[in-house]
Amino acid sequence: MRPRTVIAALVLTALAGLVVWSVGDLTPFGTPSGDADAVARRLVRDRHVANTVNGVTYDLRALDTLGEELILFLAGLGSAVLLRHGRGEEVEEERGDEEAPPRTADLLRVAGALLVGPVVVLGVYVVVHGHLGPGGGFQGGVMLAAGLLLVYAAGQVVALERVEPTALVEVAESSGALAYALVAVGGLVFGGAALFNFLPLGTTGDLLSAGTIPVLSVAVGVEVTGATALILTEFLDQTLLRGGE
Amino acid sequence: MSALQDVALLAVALGGTATVLVRDPVRQALVSGGFGFSLSVLFFSVQAPDVALSQIVVATVAVPVMVLLTLAKLRRDDDRER
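Taken in sequence, the protein lines are chains S and L. Under the working numbering, the residues of the first sequence are numbered 1 to 245, in order. Under the working numbering, the residues of the second sequence are numbered 1001 to 1082, in order.
Don't read these hints as lab results, they were simulated from the structure. Some clues are possibly wrong.
As the list claims (entries may be wrong) - To give a feel for the contact side, a few chain S residues facing chain L, derived at Cβ under 7 Å:
#, residue
1, A50
2, S79
3, H129
4, L132
5, F138
6, V142
7, V189
8, F190
9, G191
10, G192
11, T239
As the list claims (entries may be wrong) - Just a sample of chain S residues kept apart from chain L, beta carbon distances all over 10 Å, derived:
#, residue
12, L18
13, S33
14, L70
15, V126
16, P134
17, M143
18, A145
19, L149
20, A167
21, S175
22, I231
23, L236
Unchecked claim - Selected chain L positions facing chain S (Cβ under 10 Å, derived; list incomplete):
#, residue
24, L1021
25, V1022
26, P1025
27, V1026
28, L1030
29, V1031
30, L1053
31, V1061
32, M1066
33, L1069
34, T1070
35, K1073
36, R1076
37, D1078
We treat Cβ as the ideally placed atom computed from N, Cα and C, and that holds for glycine.
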């Protein structure tokens, strides 16, 4: 046996032991108690938010989410900077020696086209209802970006170029990030603390309730849709679109 | 633990092992998509639907697509050089 294998086996065994040890005395599923229960009740009482997860993400720890959102923003920006073709660079040479890309199977095209509508509707629903049920800006945002990917799977490369002009995707990415930052500043102005929940809380369970939580969720949704779509567009661009036909 | 949790845990263990054992990157991307889906089922079964929702899209759609696109690009560049 090579020393590498021995070391790997030892480390993995130790890791497995640690995992078993740490999982051993977790509280059982479905029965929140102690702190977890207190946080859930507190969020319903003080913030009128039914989904504790998003109450934490967009209120109690909204600053963490601001950081995460900016990370994604920069990731999108970075992939655009790295992957985008420079003006005229290579693109001209690539034309001509390319054979036509293989045709997409009809079944895939039909399935893709049929799924676009439902996926986009579900994505918007998940973004908007983050404070009421499972979901929120990030989950809905990646769904919306996946919906745009389905347009590609349906073989509508041309339609994709039209549906998803890079400029619009870039605007979505930056305006989502900006909106989140503006809400953070709004808290500073109206409540004396960054990301203070300064909007009316409404009735728990209503679509318009929980103050800034749904607003932040929508901002994140727009930003995530933009960033994910931008990254996917750049990958598609590099691989398929340019020099394809 | 419910039966669904048992099945999901087993699927995660098998899927993770399979992802490591498959050597061809194209197949690996697809197998890892299946592995990601089994993880999302596990998250659902332990009452974490928020995580499961993002897991479904990120692990079964976004990551495999990016890997496959990268592989396609690399292969095309290889073909051109030959």
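Going through the hints against the structure:
For A50(S), the interface hint is violated, the least distance from its beta-carbon to any beta-carbon of chain L being 12 Å, above 7 Å. Interface hint at S79(S): violated, since its Cβ lies 10 Å from the closest Cβ of chain L, which is beyond the 7 Å cut-off. With its C-beta approaching chain L no nearer than about 12 Å, H129(S) sits outside the 7 Å limit, and its interface hint is violated. Look at L132(S): its Cβ only gets to about 12 Å from chain L, farther than 7 Å, so that hint breaks.
Using the Cβ-Cβ criterion of 7 Å, the hint placing F138(S) at the interface with chain L is satisfied: the shortest such distance is roughly 6 Å. The beta carbon of V142(S) comes within 4 Å of a beta carbon in chain L, closer than 7 Å, and the hint placing it at the interface holds. Hint status for V189(S): violated, given a least beta-carbon distance of 30 Å to chain L, over 7 Å. Violation of the interface hint for F190(S) is found here, the shortest Cβ-Cβ separation to chain L being roughly 28 Å, above the 7 Å cut-off.
With 7 Å as the threshold, the beta carbon of G191(S) stays out of range of chain L, its nearest partner Cβ sitting at about 26 Å, so the hint is violated. Checking G192(S) against chain L: minimum C-beta separation of about 30 Å lies over 7 Å; hint violated. Hint status for T239(S): holds, given a least beta-carbon distance of 4 Å to chain L, under 7 Å. L18(S), annotated as away from the interface, keeps every beta carbon of chain L farther than 10 Å; the closest lies near 17 Å.
Distance check for S33(S) against chain L: the nearest CB is about 14 Å away, which clears 10 Å, and the non-interface claim stands. Against chain L, the non-interface label of L70(S) holds: every CB pair exceeds 10 Å, the least being about 18 Å. Not every Cβ of chain L is farther than 10 Å from the Cβ of V126(S); the closest lies at roughly 7 Å, contradicting the non-interface assignment. Distance check for P134(S) against chain L: the nearest CB is about 4 Å away, which does not clear 10 Å, and the non-interface claim fails.
Not every CB of chain L is more than 10 Å from the CB of M143(S) (nearest about 6 Å), against its label as outside the interface. Non-interface status of A145(S) relative to chain L is broken: a Cβ of that chain comes within 10 Å, the nearest being about 8 Å off. At roughly 7 Å, the least C-beta separation between L149(S) and chain L is not larger than 10 Å, which violates its mark as non-interface. Remark: the non-interface label on A167(S) is consistent with the geometry, its nearest Cβ contact in chain L lying 22 Å away (cut-off 10 Å).
Every Cβ of chain L is farther than 10 Å from the Cβ of S175(S); the closest lies at roughly 22 Å, confirming the non-interface assignment. Not every beta carbon of chain L lies more than 10 Å from that of I231(S), the smallest distance being close to 8 Å; the non-interface claim is violated. Not every Cβ of chain L is farther than 10 Å from the Cβ of L236(S); the closest lies at roughly 6 Å, contradicting the non-interface assignment. Residue-level restraint check for L1021(L) is violated (minimum Cβ-Cβ distance to chain S is 14 Å; threshold 10 Å).
Restraint check, V1022(L) versus chain S: the minimum CB separation of about 18 Å is more than 10 Å; hint violated. Evaluation of the P1025(L) hint against chain S yields a violated restraint, the C-beta minimum of about 14 Å exceeding 10 Å. Restraint check, V1026(L) versus chain S: the minimum CB separation of about 13 Å is more than 10 Å; hint violated. The interface hint given for L1030(L) is broken, as the beta carbon of that residue sits about 15 Å from the closest beta carbon of chain S, more than 10 Å.
Annotation: interface hint on V1031(L) violated; nearest CB of chain S at approximately 20 Å, more than 10 Å. With its C-beta approaching chain S no nearer than about 4 Å, L1053(L) sits inside the 10 Å limit, and its interface hint holds. Hint on V1061(L) holds. Least Cβ distance to chain S is approximately 5 Å, under the 10 Å limit. For M1066(L), the interface hint holds, the least distance from its beta-carbon to any beta-carbon of chain S being 6 Å, beneath 10 Å.
Taken as an interface hint, L1069(L) checks out: its beta carbon lies about 4 Å from the nearest beta carbon of chain S, inside 10 Å. The closest approach between the C-beta of T1070(L) and any C-beta of chain S is roughly 7 Å, which is under the 10 Å cut-off, so the hint is satisfied. Interface hint at K1073(L): satisfied, since its Cβ lies 4 Å from the closest Cβ of chain S, which is below the 10 Å cut-off. Hint status for R1076(L): holds, given a least beta-carbon distance of 7 Å to chain S, under 10 Å.
Here the hint on D1078(L) is broken, as its CB sits about 13 Å from the closest CB of chain S, past 10 Å.
Violated hints, listed in ascending order, are 1, 2, 3, 4, 7, 8, 9, 10, 15, 16, 17, 18, 19, 22, 23, 24, 25, 26, 27, 28, 29 and 37; each of the other numbered hints is respected by the structure.
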